[in-house]
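Please arrange chain E on chain F, whose structure you already have, making use of the hints.
Going down the list, the protein sequences come from chains F and E. FYI, the working numbering numbers position 207 of the first sequence as 207, with every residue one higher than the one before it. FYI, the working numbering numbers position 47 of the second sequence as 47, with every residue one higher than the one before it.
Treat the hints with care, since some could be wrong.
[What the hints assert, rightly or not] Only pairs whose alpha carbons sit at most 35 Å apart, straight line, appear in this in silico DSBU-like list of lysine-lysine: (1) F:LYS297 with E:LYS15; (2) E:LYS188 with F:LYS141; (3) F:LYS241 with E:LYS209; (4) E:LYS15 with F:LYS241; (5) F:LYS241 with E:LYS88; (6) E:LYS209 with F:LYS5; (7) F:LYS301 with E:LYS209; (8) F:LYS488 with F:LYS433; (9) F:LYS141 with E:LYS88; (10) F:LYS5 with E:LYS188; (11) E:LYS15 with F:LYS31; (12) E:LYS188 with F:LYS241; (13) F:LYS433 with F:LYS348; (14) E:LYS209 with E:LYS188; (15) E:LYS209 with F:LYS141.
Calculated from the structure, these hints are not laboratory results.
Listed below are the residues making up each chain.
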Amino acid sequence: MNLDKIQVSASIRSGWQALDLGFLMARAWWKPLTAASLLPTLPLFIVLLILFPQDPLWAAMIVWWLKPFWERLPLFVASRLLFQESAGTVSSMKSLVLKDSLPWLLWRRFSVQRAFDAPVTVLEGLKGAQRRNRIRVLHGKYSDVALGNQFVCFCFELLLFFGIIILIDFFTPEKMGLELYNSFNELSLVGEWIYTLSAFGAMILVIPFHVMAGFALYLNRRIELEAWDIEISFRNLASRKQNAIQRATGIVSMLLLVGLIGIMHPDPASAAVRHNQESAAELINEVMAGADYGQEKTVRKWRFKEWGEENEENEESSFPQWMIEFLQWWEENVDRGDGLGSAADWLKILLIVVFVGLLLYLLRRYRGPLGSLIGGKAVEAPPQVLFGLDVSPESLPADVPVQVMELWGQGNVREALGLLYRASLSRLIDKHKLAFRASHTEAECAQLVREQGIVSLSEYFTQLTRVWRRLAYGHQQPPLEMVELLCKTWRQELSDEPV
Amino acid sequence: MLDTRYRVEIPGGIKLEAQVVGPIPRFFAFAIDLVIRGILLFVLSLLSIPFGAFGLGGGFFLILLFLIEWFYPVLFEVFNRGQTPGKKVLGISVINDDLTPVTLGTSMVRNLLRTVDFLPLFYLTGLIAMVSNRRFQRLGDMAAGTLVISVRESARAAAVGNIVPLAPATTLLRAEQTSIIEFLHRSKQLSEPRQHELASILDGITHQKHENGVDRLHRIGAWFLGVR
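Looking at chain E on its own, in the form it has when it is part of the complex:
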């Protein structure tokens, strides 16, 4: 089963999940960071001119250029929960592959190895590495043991409306309860016939047909959501 989900089981049998992120969002995140760095360097170069473009100012500018080029991602990844500004816009984040927060060491390794991923031009090696493994790791990620994951969006607020809840007649597993709740939430996006079609799959449980079946599933869903 192909899936972008990445699972880790931590001691105690607890399973953690994350969605790995592929080249396309990362391309945009990188582009945004590139623009930000470019603007920053441009401003710095203007500021350094009064101090002598080939003297003190120029020297400081070169030092800052070095620091920004190499440590801009490290700084943000370590102190901003794995997110550079570009990654924040795209809602993605760097994390260790055991799903612990990225540390200075791992962030340094993954960002120093950018030079390797950059070869022979503009991250071609990194791109090829990324699409050749199912976790979308570039070489720097592999060396550091890091992943880029999408940051979980906040849970949808449940607006159920005026539905009289109904306790289900049989016990249902957790995944099944979730799917009935999903059905309640997403019914508005589904066409009427499709709603009937879906409800008819469960007419052995609801013992109702058509609108009544849909209605009954909605009421059971509201029950699972805690409406009493």
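So that you can see chain F by itself, here it is in the shape it has in the complex:
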């Protein structure tokens, strides 16, 4: 044990802080510690899996029960790493792993301070009464903290165990039917294997942290009891004073030498001053250029590559030549801030033109909604088709009622009334400037007509709509008199010709 080489800062910590230091140690030495816990565990685990291929949970159980053994090698490795010592031979490790094994496998298997007590057995090699006394000294006020370590690491192991299983469940399709949430004795074989491997993985992942937290607590107690921090500090002080004495002796002898030289050369002081004056400026510049003065600053920005160099190095550039030329031209012109000539200005003008063009296009495209927004009525083209009926004036025959009666006479009842209805709509749009929209229903059209306020017209149209809807949707044929009446009224209300 050479305290000068200790790898953790030896200072007095509270118990909880010691556990944190243990986690840092586990993090820093994670690879050697994990390797040390896998070295004996993995071969045994594999052998057990081969022995119980149908019941892999047994392998997990046995390996888990023997955990106090697996924690010893990492502890030993850590104790070597702590003082930068070499790990020793494999045979010494074998004896170490089996030391005082029976109690540790039986009643001490459930010791709630296992990680804290392990160093007494593994590193100090104590047994029986000696061990008990030693542990009584060490425990002191830390047995609670050691219990906390044991409990939390147990929880972490459980967490990892179930976490791995749940992750596997997340990432496997339901159809595989792993059914990982059954109770232990109802698991499928695949489920058992997943549980086994997950338990082993969780154990191996937690061992370094658990062992190191216990070890750090043990170290903390020893630092406290044996004042390691004071020893280190005292040693530094002693060696500093020793060096100071050596330096002082050196200076004294040098002074003697200088004195001797001084006797031989009459004016050494003025020579030194002259030398300083000559090189002063140089020296100052040298010092100012050093790292202590001035500041270095790392600035990152984009810039173009040196195209010439690029081409020399790599003739077959993947860019076409015109693009390279354009970019070169661009690079030369882009930053030349002289009036309109520079490329940036041209680009600016181009962007403004595109923007204005876009604005104009959008204004034109949305002039309807914009117009109604500003306040004017929407300028909307009248619909050509309502409920699948062609309502353009061009599609109508010259004399609508005659044509209607003719169709009626031929037995085309639907077409006859359809013609009458669409002719009415067409006239309403044309003559009365009614703003039907393609989205309106028949009833809404009738409502719009009523809003016009012409009583006779609206009565007529309402009646026509009712007849048409009964025929169109209800297949109820109106009597001939009704059709004749509608045709007659149509002439009065909607025809162009004077009655």
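For chain E alone, kept in the frame of chain F given last:
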């Protein structure tokens, strides 16, 4: 050198120090807060029943549940110097990573990201994040730029007793003075041979051996403590 200490140098060359706190104390602090929240919610649920478990009372309870679950830590961290009740019991506290007090913004970020640290179950992600960096930050801490540190315990009262002080023969650095004071304070915990062993390291300075060396170091320590 492995250490749980976290250092920040602020403008003016002043160095600040804090001890970062790892998963084990934080586990207990969280557990205590969990219990407190559980009790609180239980009481609230009882109070809400008279107002209709599926009506007004239930609605208010759900709103309170939401607020407590999400803002319980934020409230305490911002208004109670970075300490929820659980953290207070463990003597730990949340702080920005430049060692300024935690603010509403940073506290919100670190607590909203709890959901990420929680995945896939019970803070497994947070645990893995915590042990993979030397400041024990979970993902929420990294995003918010916060640390959990242990709150400094008050300085030990110096009870020196009847020791005749002695000025040291040589000048000592600050750390060296501190270690001699520590030696004075902690001698009672050390065995006699260990005290002699430690004092013998400095016999080049004390020019004394064994009990006399220990005694002389004690007197120098008392001098450094200001006894005259």
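Subject >> Given hint E:LYS188 paired with F:LYS5 - CA-CA distance at most 35 Å >> reply: Holds. F:LYS5 to E:LYS188 sits at ~27 Å (cutoff 35 Å).
Original post:
Is the hinted pair E:LYS209 and F:LYS141 satisfied, with a Cα-Cα distance of at most 35 Å?
Top reply: holds, 33 Å
Original post:
Are E:LYS15 and F:LYS241 close enough, with their CA atoms no more than 35 Å apart?
Top reply: holds, 27 Å
**OP:** Take the C-alpha atoms of E:LYS209 and E:LYS188, compute the straight-line distance between them, and say whether it is at most 35 Å.
**Re:** Measuring from Cα to Cα gives roughly 19 Å; hence the hint holds.
Subject >> Straight-line alpha-carbon gap E:LYS209 to F:LYS5, limit 35 Å >> reply: holds, 27 Å
**OP:** Take a quick look at whether F:LYS297 and E:LYS15 sit within 35 Å of each other, Cα to Cα.
**Re:** holds, 23 Å
**OP:** Starting from F:LYS433, check that the Cα of F:LYS348 is at most 35 Å away, please.
**Re:** Since the Cα atoms of F:LYS433 and F:LYS348 sit roughly 49 Å apart, the hinted pair is violated (cutoff 35 Å).
Original post:
For the pair supplied as a hint, F:LYS241 and E:LYS209, is the alpha-carbon distance within the 35 Å limit?
Top reply: holds, 18 Å
Original post:
Regarding the pair E:LYS188 and F:LYS241, is the alpha-carbon distance no greater than 35 Å?
Top reply: Roughly 27 Å separates the two Cα atoms, so the pair holds.
**OP:** Verify the proposed pairing of F:LYS241 with E:LYS88, using a straight-line Cα cut of 35 Å.
**Re:** violated, 45 Å
Subject >> Distance restraint between E:LYS188 and F:LYS141, which requires alpha-carbon spacing of 35 Å or less >> reply: Cα-Cα ~16 Å, so holds.
**OP:** Starting from F:LYS301, check that the Cα of E:LYS209 is at most 35 Å away, please.
**Re:** Outside the cut-off at roughly 67 Å; violated.
Comparing the model with each numbered hint stated earlier shows that hints 5, 7 and 13 do not hold.
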